[in-house]
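As you go down the protein sequences, you meet chains A and B in turn. So in the working numbering, spot 31 of the first sequence is number 31, and the numbers just go up one at a time. So in the working numbering, spot 128 of the second sequence is number 128, and the numbers just go up one at a time.
Honestly, I wouldn't trust all of these hints.
[Claimed, not checked] Distance ranges between label pairs, derived from CB positions:
no. : chain 1 : residue 1 : chain 2 : residue 2 : range
1   : B       : Val-246   : A       : Met-214   : 53 to 63 Å
2   : B       : Pro-239   : A       : Glu-30    : 48 to 58 Å
3   : B       : Arg-358   : A       : Glu-244   : 31 to 41 Å
4   : A       : Leu-150   : B       : Glu-191   : 21 to 31 Å
5   : A       : Leu-150   : B       : Ala-97    : 43 to 53 Å
6   : A       : Tyr-174   : B       : Leu-165   : 53 to 63 Å
7   : B       : Phe-340   : A       : Leu-150   : 16 to 26 Å
8   : B       : Arg-24    : A       : Ala-194   : 18 to 28 Å
9   : A       : Pro-78    : B       : Glu-92    : 34 to 44 Å
10  : A       : Tyr-174   : B       : Phe-188   : 26 to 36 Å
11  : B       : Ala-138   : A       : Arg-148   : 55 to 65 Å
12  : B       : Pro-239   : A       : Arg-115   : 51 to 61 Å
13  : B       : Glu-184   : A       : Arg-275   : 32 to 42 Å
14  : B       : Asp-301   : A       : Phe-248   : 41 to 51 Å
[Claimed, not checked] Derived BS3-like pairs (lysine-lysine); straight-line CA-CA distance at most 30 Å:
no. : chain 1 : residue 1 : chain 2 : residue 2
15  : B       : Lys-42    : B       : Lys-65
16  : A       : Lys-113   : A       : Lys-33
17  : B       : Lys-333   : A       : Lys-113
18  : B       : Lys-65    : A       : Lys-104
19  : A       : Lys-159   : A       : Lys-42
20  : B       : Lys-333   : A       : Lys-104
21  : B       : Lys-65    : B       : Lys-263
22  : B       : Lys-110   : B       : Lys-263
These aren't lab readings, by the way, just hints derived from the structure by calculation. Every residue gets a Cβ at the ideal spot worked out from N, C-alpha and C, and that includes glycine.
Here is how the chains run, residue by residue.
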Amino acid sequence: MSAAMRDDLPSPGATAGKETDAYNFAYLDEQTKRMIRRAILKAIAIPGYQVPFASREMPMPYGWGTGGVQVTAAVLGPEDVLKVIDQGSDDTTNAVSIRRFFAKTAGVETTTKTRAATVIQTRHRIPEEPLRDGQILVYQVPIPEPLRFLEPRETETRKLHALADYGLMHVKLYEDIARHGHIATTYAYPVEVAGRYVMDPSPTPKFDNPKMDMCAALQLFGAGREKRIYAVPPHTRVRSLDFEDHPFRIQTFKQPCALCGAEGVYLDEVVLDDRGGRMFVCSDTDFCEERRAAGHQGMMVDPGASDPSPEGEGGSRRKARDGWGEARHAARAGKRAAPSDGLRPPPPPYGGGSSDLPSDTAAEKREVVAKDKAGETR
Amino acid sequence: MYVAVKGGEAAIDNAHRLLAHARRGDPAVPEISPEQIGGQLKLAADRVMAEGSLYDRDLAALAIKQARGDLVEAIFLVRAYRTTLPRFGYSEPVDTAAMAVERRISATYKDLPGGQVLGPTFDYTHRLIDFLLAAGAAPPEPAEAAAGEGEPMARVTDLLDGEDLIEREVAPDGDTPVGDLTREPLDFPAERDLRLQALARGDEGFLLALGYSTQRGYGRTHPFVGEVRYGEVAVEFVPEELGFAVPLGTIDVTECQMINQFKGSAEVPPQFTRGYGLVFGQSERKAMAMSLVDRALRARDFGEEVTAPAQDEEFVLAHCDNVQATGFVEHLKLPHYVDFQAELDLVRRMRTEYAARRGEASEMKEAAE
Numbered sequence: 001m002s003a004a005m006r007d008d009l010p011s012p013g014a015t016a017g018k019e020t021d022a023y024n025f026a027y028l029d030e031q032t033k034r035m036i037r038r039a040i041l042k043a044i045a046i047p048g049y050q051v052p053f054a055s056r057e058m059p060m061p062y063g064w065g066t067g068g069v070q071v072t073a074a075v076l077g078p079e080d081v082l083k084v085i086d087q088g089s090d091d092t093t094n095a096v097s098i099r100r101f102f103a104k105t106a107g108v109e110t111t112t113k114t115r116a117a118t119v120i121q122t123r124h125r126i127p128e129e130p131l132r133d134g135q136i137l138v139y140q141v142p143i144p145e146p147l148r149f150l151e152p153r154e155t156e157t158r159k160l161h162a163l164a165d166y167g168l169m170h171v172k173l174y175e176d177i178a179r180h181g182h183i184a185t186t187y188a189y190p191v192e193v194a195g196r197y198v199m200d201p202s203p204t205p206k207f208d209n210p211k212m213d214m215c216a217a218l219q220l221f222g223a224g225r226e227k228r229i230y231a232v233p234p235h236t237r238v239r240s241l242d243f244e245d246h247p248f249r250i251q252t253f254k255q256p257c258a259l260c261g262a263e264g265v266y267l268d269e270v271v272l273d274d275r276g277g278r279m280f281v282c283s284d285t286d287f288c289e290e291r292r293a294a295g296h297q298g299m300m301v302d303p304g305a306s307d308p309s310p311e312g313e314g315g316s317r318r319k320a321r322d323g324w325g326e327a328r329h330a331a332r333a334g335k336r337a338a339p340s341d342g343l344r345p346p347p348p349p350y351g352g353g354s355s356d357l358p359s360d361t362a363a364e365k366r367e368v369v370a371k372d373k374a375g376e377t378r
Numbered sequence: 001m002y003v004a005v006k007g008g009e010a011a012i013d014n015a016h017r018l019l020a021h022a023r024r025g026d027p028a029v030p031e032i033s034p035e036q037i038g039g040q041l042k043l044a045a046d047r048v049m050a051e052g053s054l055y056d057r058d059l060a061a062l063a064i065k066q067a068r069g070d071l072v073e074a075i076f077l078v079r080a081y082r083t084t085l086p087r088f089g090y091s092e093p094v095d096t097a098a099m100a101v102e103r104r105i106s107a108t109y110k111d112l113p114g115g116q117v118l119g120p121t122f123d124y125t126h127r128l129i130d131f132l133l134a135a136g137a138a139p140p141e142p143a144e145a146a147a148g149e150g151e152p153m154a155r156v157t158d159l160l161d162g163e164d165l166i167e168r169e170v171a172p173d174g175d176t177p178v179g180d181l182t183r184e185p186l187d188f189p190a191e192r193d194l195r196l197q198a199l200a201r202g203d204e205g206f207l208l209a210l211g212y213s214t215q216r217g218y219g220r221t222h223p224f225v226g227e228v229r230y231g232e233v234a235v236e237f238v239p240e241e242l243g244f245a246v247p248l249g250t251i252d253v254t255e256c257q258m259i260n261q262f263k264g265s266a267e268v269p270p271q272f273t274r275g276y277g278l279v280f281g282q283s284e285r286k287a288m289a290m291s292l293v294d295r296a297l298r299a300r301d302f303g304e305e306v307t308a309p310a311q312d313e314e315f316v317l318a319h320c321d322n323v324q325a326t327g328f329v330e331h332l333k334l335p336h337y338v339d340f341q342a343e344l345d346l347v348r349r350m351r352t353e354y355a356a357r358r359g360e361a362s363e364m365k366e367a368a369e
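Bound-form chain B, shown alone:
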């Protein structure tokens, strides 16, 4: 009964105890450890790191365990932890051209310097349930390349850049401050730095659907995957007292460079344009969707007509955060009886008036007859 919502210090405690019990599941089955989650459900931990916008695999794995596998809940836990961390400063831009590549593919060139590297991927697997996994069979040893085979892998977009066929992406000079939407409220219209930040921590499912919608004609951008790469990049930081960059460590990222058509304008000759995606961990789906949406959101920059949701900055940025979205949707569970009381009475009176009007109408009809 609803009134039971009132009065619940003990009820809240009991609910949380029951939750802890449900989390553990059958005690006859060994308990799962965060190490197992981080190692064997790595892509889940990657998603939690990316959308929680905190690169910490151990913490993400623990959050997944605490959230009973509910990834949006785990993302929320990580975000709420992240917000309490002190801010030391901002790293130098990471150089993805210098990535220790585990996977790199291009859909625009058959072969290119550095070659196509498939790496660990679900692509080309047949999606048949592998019952051997249930039996716990050991995987075969991975194949090894001969030493010295690696060659530098320039980014595909840099190759096009040489011919001026693609828009130049001029790095802003070091003094231009980069926005930080976790420290400043998002203001519209938002520049691309803030848009990319919002997309990088945005919900994978939401961006996937929006990116997909651009492929189906809602803000079409004629995309080609110039390149998707996944691997390890170094993060460098300039401490003020030193004045030069020192390495902090490495992080795994997935980068997608989307190449899109552009007809040109009065000032600019026809050339390709770019959409960009960068995500913590390995998530090509997210990186590709992000680059599609990034390009769609640049409609304003190219003077394209804004007609579709994916091109609408306020629509996309205001709704892509799943922590915000889940909070507000689920807040409907909270009591609303003060407001509902006002509505309840209103509906009753409307019905009374409606019945009275019907009564009058039928009387008039009888009188006319």
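Just chain A, same shape as in the assembly:
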């Protein structure tokens, strides 16, 4: 292709506020967006059904959110406010990269506030704050097929979906119970959508599954490498698969968030030193910041402490505080930073971990074995 032709490439579009005019609004050309929108409409019309679409190469690698990025590009308008999270956080490198991508190619306003966003692209979490009408939650999906690790062939799994033949999945769940006394899947826990299709909720922890049920927001799922789009329309029934005598249960945590004191939320474990010191904090960073801005405090925040120097701990502890950034979080929440020294020594290492309700306990072990076997890598 000649250089002259390449100069012709830039096509205008809604370019308000964009940093670059070299690409169309939100990167993709309008024809491609139309193709993706058609797939999205079909997906909404058949909740939970995986619609094949002609996924494009994107300027970020497959497996790094190209499906989500294409869906976001197709639904994004100049008036939208975009939030991007990865593992619940706005601040992880890949979330930063995708947010910048759209700031650059679409010039849309971005935010870290769940409430302020109209489109939220996520990897592996659903925000703690309940979503509302008019919001769109876009999931990045690595393997869209819930039956894939039970049946590797696409020709077979499509047949099973067509026949609503989910015996394989039920047998797998039953075998879990037979071996371990409970269902052993901690994330990417299969759900049934609108009483018909069994769907992979993407590798969110099963803790988030109940949030999908009757959710007010539109939930769109994009798998770029696997070329599939699927959807859960607003106010749609999403049921996690289970048995009458073995009902679905989510993880619970024995202690609240160490920073904001929130209970009933999903927590990250942060290693503080090499002697077993750990703290548990909200995985949803925006939720945590909002709570602290509202004056909630966890056990590791001591506003009275004034000595900013480390307590003679190893460098890793020091880094953990700085990097994880109580100070930074507080600052971004518009609040004066609490001294990082306010972090108290952590509770005993195994005391604070997440734990399922008792009957759900033994079986999770199967998960590891099963996943090893299937070579699952999420």
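Starting from the known structure of chain A, fit chain B onto it as the hints suggest.
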């Protein structure tokens, strides 16, 4: 420390600046230009064009420079550029029989119309490091053939065709749409047009290994290289407003026609079958591997038993794209701590339960004693 993964706008910028610095290398050494890469590392640029599925040598050379010589990364850059290009339409089929041949060899005939033309090849070189290259010695002038020596070179498979010894390859009529896997999602079972497209942009190393596996008994096809040819072919395009084909330019391609045994069936008498490979630029390794895998994937058409990976369409087509493969393998670098948290807790509880069971067992043993 892992938590440092959080919070990195500045860190990302700094990492990319460091990358640019590392790319340049020692500033005392002159900077390499894309022209040098396209001209002197031509086969690298050819591979990037082929697997990036975009015929643009300058762009491929620039991508190689930007990727610091990492060809899969360069292929990725080209693909991501290609996807933004407008689609004007589809060219007419190229006529490789009319190729301006630079190299053409057949392993099935000692001599044939047009002869064997060795051309620029590594074949028959002794693989000894040439230290003169480091010293920058000028190469000797190439030998020149007398004018008028060239004669038309019919494809070897066309010669066999006359005797009906090889399966006929009937060109689909012009109205049959040819699939385009960059515009439509790949659907299984896939027809041969889509299979060949996927293989043409597939990873050279992956196809090489699969082709090799068929030679070692995993889906054996008894192949002969009917012909490998490399040279320039004209690309023609029919603009709607004109209604006739106009030349767009020429491209370099390598074509391989593999001839394979076939025992015949109740309906078809014994005859040879074909495997086909066509690649941008000069890459006989890729073209030959592609034709081996193409033939292996036709097992279904010939009613052969599918037993080996190379014959398994879903296995081959779903995994031959190195841009997809490298993305998904490398995505494991992304944080997974939400999922890992669930697993971490699980392993701890399993170990607690395991210890408790061991405790019970030893108590029972003591009681029995």
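Do the hints match the structure? See the list:
Between B:Val-246 and A:Met-214 the C-beta distance comes to about 60 Å, which sits within the given range of 53 to 63 Å. A C-beta distance of roughly 23 Å is found between B:Pro-239 and A:Glu-30, which places it outside the suggested range of 48 to 58 Å. Range check, B:Arg-358 to A:Glu-244: Cβ separation about 34 Å, and the 31 to 41 Å hint holds. Between A:Leu-150 and B:Glu-191, the C-beta spacing of about 28 Å keeps the proposed range 21 to 31 Å intact.
For A:Leu-150 and B:Ala-97, the hinted distance range of 43 to 53 Å is satisfied, since their beta carbons lie about 49 Å from each other. Taken as a hint, the range 53 to 63 Å holds for the pair A:Tyr-174 and B:Leu-165, whose Cβ atoms sit roughly 58 Å apart. As the Cβ distance of B:Phe-340 to A:Leu-150 is approximately 23 Å, the hint placing it in 16 to 26 Å holds. B:Arg-24 and A:Ala-194 have their C-beta atoms about 56 Å apart, which leaves the hinted 18 to 28 Å range violated.
A hinted range of 34 to 44 Å holds for the C-beta pair A:Pro-78 and B:Glu-92, which are about 42 Å apart. Between A:Tyr-174 and B:Phe-188 the Cβ separation comes to about 29 Å, which falls inside the hinted range of 26 to 36 Å. Separated by about 58 Å at the C-beta atoms, B:Ala-138 and A:Arg-148 satisfy the suggested range of 55 to 65 Å. About 53 Å separates the C-beta atoms of B:Pro-239 and A:Arg-115, a value consistent with the hinted range of 51 to 61 Å.
The given range of 32 to 42 Å is broken by B:Glu-184 and A:Arg-275, whose C-beta atoms sit roughly 57 Å from each other. Between B:Asp-301 and A:Phe-248 the C-beta distance comes to about 47 Å, which sits within the given range of 41 to 51 Å. About 13 Å separates the Cα atoms of B:Lys-42 and B:Lys-65, which keeps this hinted pair within 30 Å; it holds. At roughly 27 Å between alpha-carbon atoms, A:Lys-113 and A:Lys-33 fall within 30 Å of each other, so this suggested pair holds.
Restraint check: the Cα-Cα separation between B:Lys-333 and A:Lys-113 comes to about 26 Å, which is no more than 30 Å; the hinted pair holds. For the hint linking B:Lys-65 to A:Lys-104, the alpha-carbon distance of about 24 Å falls within 30 Å, and the restraint holds. Between A:Lys-159 and A:Lys-42 the CA atoms are separated by roughly 19 Å; this keeps the pair inside 30 Å, and the hint holds. At roughly 24 Å between alpha-carbon atoms, B:Lys-333 and A:Lys-104 fall within 30 Å of each other, so this suggested pair holds.
For the suggested pair B:Lys-65 and B:Lys-263, the alpha carbons sit about 50 Å apart, so the restraint of at most 30 Å is broken. Annotation: proposed proximity of B:Lys-110 to B:Lys-263 holds, straight-line Cα distance about 25 Å (limit 30 Å).
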